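Heads up: the protein sequence lines correspond to chains A and B, in order.
Residues in the first sequence are numbered from 1 upward in steps of one, following my numbering.
Residues in the second sequence are numbered from 457 upward in steps of one, following my numbering.
Hints are not guaranteed to be accurate.
With a straight-line Cα cutoff of 25 Å, these simulated SDA-like cross-link-like pairs (lysine to any residue) come out [claimed, not checked]:
(1) B/K471 x A/L219
(2) B/K500 x A/S370
(3) A/K108 x A/T59
Partial pick of chain B residues on the chain A-facing surface, computed with a CB cut under 7 Å [unchecked claim]:
(4) W461
(5) H465
(6) G469
(7) K471
(8) I480
(9) P484
(10) C491
(11) L516
(12) V525
(13) S540
(14) W550
Listed next, with one range per pair, are the computed distances between beta-carbon atoms [claimed, not checked]:
(15) B/A510 x A/G103: 55 to 65 Å
(16) A/T407 x B/E488: 49 to 59 Å
(17) B/E488 x A/K338: 21 to 31 Å
(18) A/Q352 x B/K508: 37 to 47 Å
(19) B/G504 x A/Q165: 51 to 61 Å
(20) A/S357 x B/G509: 26 to 36 Å
The set of hints was computed from the structure by calculation and includes no laboratory data.
Note that the structure is predicted; figures quoted are calculated from it, not measured.
We put the beta carbon where it would ideally sit given N, CA and C, even for glycine.
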Amino acid sequence: MKSVKLGTGLAFWGDSIRPAIEMVERADIDYLCCDHLAELTMSILSKQKSKNPDLGYTTDIIPFLRGVVVKCRERGIRIISNAGGANPESCGRQVVALCQELGLYGTKVAVVTGDDIMDRIDELLADGIALENIDTGRPLSDVRDRVTQANVYIGCEGIVEALEQGADIVICGRVTDAALYLGPMRHELGWAADDWAMLGAGTGIAHCVECGGQATGGLYSGGWQDMPRLPSLGYPVTTVFENGEAIMSKSPQTGGSVTVGTVSEQLVYEVLDPANYLTADSTADVSQIKLDQVGADQVRISNIGGKPAPATLKVNMGYRAGFVGEAQFTYTWPDAVKKAKAGLEFLAERLQQVGFSAEEERVEYIGVNSMWGPESVPDPDDAELPEVVVRYAARCMTKDDARKVFTESVPLYNNGPAGASGIGTRPPIKELFGIWPCMIPREFITQSVEITEVQP
Amino acid sequence: MSRVWDLAHGRSGDKGDVCNIGLIARSPEAYETLCREVTAERVKAHFGELIKGAVERYELPNIRALNFVCRGALNGGGTLSLRSDHLGKVMYTWLLRMEIGDV
Numbered sequence: 001m002k003s004v005k006l007g008t009g010l011a012f013w014g015d016s017i018r019p020a021i022e023m024v025e026r027a028d029i030d031y032l033c034c035d036h037l038a039e040l041t042m043s044i045l046s047k048q049k050s051k052n053p054d055l056g057y058t059t060d061i062i063p064f065l066r067g068v069v070v071k072c073r074e075r076g077i078r079i080i081s082n083a084g085g086a087n088p089e090s091c092g093r094q095v096v097a098l099c100q101e102l103g104l105y106g107t108k109v110a111v112v113t114g115d116d117i118m119d120r121i122d123e124l125l126a127d128g129i130a131l132e133n134i135d136t137g138r139p140l141s142d143v144r145d146r147v148t149q150a151n152v153y154i155g156c157e158g159i160v161e162a163l164e165q166g167a168d169i170v171i172c173g174r175v176t177d178a179a180l181y182l183g184p185m186r187h188e189l190g191w192a193a194d195d196w197a198m199l200g201a202g203t204g205i206a207h208c209v210e211c212g213g214q215a216t217g218g219l220y221s222g223g224w225q226d227m228p229r230l231p232s233l234g235y236p237v238t239t240v241f242e243n244g245e246a247i248m249s250k251s252p253q254t255g256g257s258v259t260v261g262t263v264s265e266q267l268v269y270e271v272l273d274p275a276n277y278l279t280a281d282s283t284a285d286v287s288q289i290k291l292d293q294v295g296a297d298q299v300r301i302s303n304i305g306g307k308p309a310p311a312t313l314k315v316n317m318g319y320r321a322g323f324v325g326e327a328q329f330t331y332t333w334p335d336a337v338k339k340a341k342a343g344l345e346f347l348a349e350r351l352q353q354v355g356f357s358a359e360e361e362r363v364e365y366i367g368v369n370s371m372w373g374p375e376s377v378p379d380p381d382d383a384e385l386p387e388v389v390v391r392y393a394a395r396c397m398t399k400d401d402a403r404k405v406f407t408e409s410v411p412l413y414n415n416g417p418a419g420a421s422g423i424g425t426r427p428p429i430k431e432l433f434g435i436w437p438c439m440i441p442r443e444f445i446t447q448s449v450e451i452t453e454v455q456p
Numbered sequence: 457m458s459r460v461w462d463l464a465h466g467r468s469g470d471k472g473d474v475c476n477i478g479l480i481a482r483s484p485e486a487y488e489t490l491c492r493e494v495t496a497e498r499v500k501a502h503f504g505e506l507i508k509g510a511v512e513r514y515e516l517p518n519i520r521a522l523n524f525v526c527r528g529a530l531n532g533g534g535t536l537s538l539r540s541d542h543l544g545k546v547m548y549t550w551l552l553r554m555e556i557g558d559v
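Given only the sequences and the hints, what does the whole structure look like? Please build it.
Below, the structure written as structure tokens:
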């Protein structure tokens, strides 16, 4: 039976590159698949591109490739990455330059585009594509003048085409996470673009492995104490068979474990209706999935179903949504809780004195309810608490207002209630981007593939 | 009193303003109890005002897992949220603390 071996290289922008380096040295893989993009990432990258037209990709691709690409070329391992982000063309040029520097002549670098619809929004609206928010039903006009990027979650067809043309490294923008894996599966296993059963199976398998260490023992709540050598965690190495089943393992001589439990936790991560896991390439049904331990650190994944891909593709659109200002301070016994509340009142009055305005505010008590807030866990009221840490955050429409939050918290050091400490240093002001989820009929999107051969 | 934690482990994450919480039962018997006791209504009540929208429950019987899709649970979504846990990474741990009577 035909099969393909896929390694998970990176699971997000900023992820450790060591698992991939170890993988290309020790594991038997045909492809290294790397996901650099989360929901917010495209907004950050488009902001970078607007300041410098050469930027807008996840720059970690360069140190990453520096660590693995020579070995990959030696061993014939092909690399698939969505590091292109908001600027796949520029990313591709940087990758070509790196390969030149390393003397990897003849390497074929493919750039896949077609996901960016920012310049087409008005034309699409004129064509009757409403781009309304699928969660709220609101029209795009609510945020149109604040939109900074619009990218479609595109499927694997560009990756398949690039591989058919012999690409060694494929750089994409906002392809789906699953497509990074499904592309090589389709190319190697000969699955047709409408073989829904297999594409569904491949999508489900991709979901099991795309978050790297989360499937091999990282964050494992079912027994983190029993996970060996977490600081040397190995990432997934998965053999996918042409019948839509897979054996998931990890790099040899690494930490962590691959068990039914660790894979199960990843399987339920960021899934809505498991019988209808929608992606650009298929609608996967993982509701009846079977996981079986078939060896040490080896889990068989089977019984995933597939249905046709949806008629529409999801758009990841970001819009400017203000700035967040934050302050944090600590009060100590006696009456730590009372003092903390007085400190908050002090801050509120100081902010009022400087004409502060906020869209939304939030108070959390660190060590008590900072993870769930007062909506789920009551604020502290024990007078004997040795210390109470308060976090105050506000969402403001202007950077100036956001900056006031920390500035007006500083006088708590010597003007406010007794027993204050831990105010810390001024945090950077963070710009916020809202995500506007909407849909576009798939016939409006065409992918393009451009291949450059690295020359001396 | 038992807690969900006695019967299951879990994981949670974000998609926009939706937080999904997966629970994985420790045994076939534990899965039966979870299916009976941990209803969508009880989960919504347990989180109080933190979950603004509806909670839907889905079953994955072969891996003994339940998936709770909690809408309006992330203060506007990971990119806007003022919450320290803006991505809902530890929402599941509060569900593990839910009491479910003697089982």
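Okay, the hints, checked on the actual structure:
1. B/K471 x A/L219: holds (19 Å)
2. B/K500 x A/S370: Judged against 25 Å, a Cα distance of about 19 Å means the pair holds.
3. A/K108 x A/T59: holds (20 Å)
4. W461: Violated, because the Cβ-Cβ distance from B/W461 to chain A comes to roughly 9 Å (cut-off 7 Å).
5. H465: It holds, given that the least Cβ distance between B/H465 and chain A is near 4 Å, below 7 Å.
6. G469: holds (4 Å)
7. K471: Because about 6 Å separates B/K471 from the closest Cβ in chain A, which is inside the 7 Å limit, the hint holds.
8. I480: Nearest chain A Cβ about 5 Å off; hint holds.
9. P484: violated (13 Å)
10. C491: Because about 14 Å separates B/C491 from the closest Cβ in chain A, which is outside the 7 Å limit, the hint is violated.
11. L516: Holds, because the Cβ-Cβ distance from B/L516 to chain A comes to roughly 6 Å (cut-off 7 Å).
12. V525: This interface hint holds because 5 Å falls under the 7 Å limit.
13. S540: This interface hint holds because 5 Å falls under the 7 Å limit.
14. W550: Interface hint status for B/W550: holds (5 Å vs cutoff 7 Å).
15. B/A510 x A/G103: 55 to 65 Å: Distance hint for B/A510, A/G103 holds at roughly 58 Å.
16. A/T407 x B/E488: 49 to 59 Å: holds (57 Å)
17. B/E488 x A/K338: 21 to 31 Å: violated (48 Å)
18. A/Q352 x B/K508: 37 to 47 Å: Given about 28 Å between the Cβ atoms, the range is violated.
19. B/G504 x A/Q165: 51 to 61 Å: holds (55 Å)
20. A/S357 x B/G509: 26 to 36 Å: holds (28 Å)
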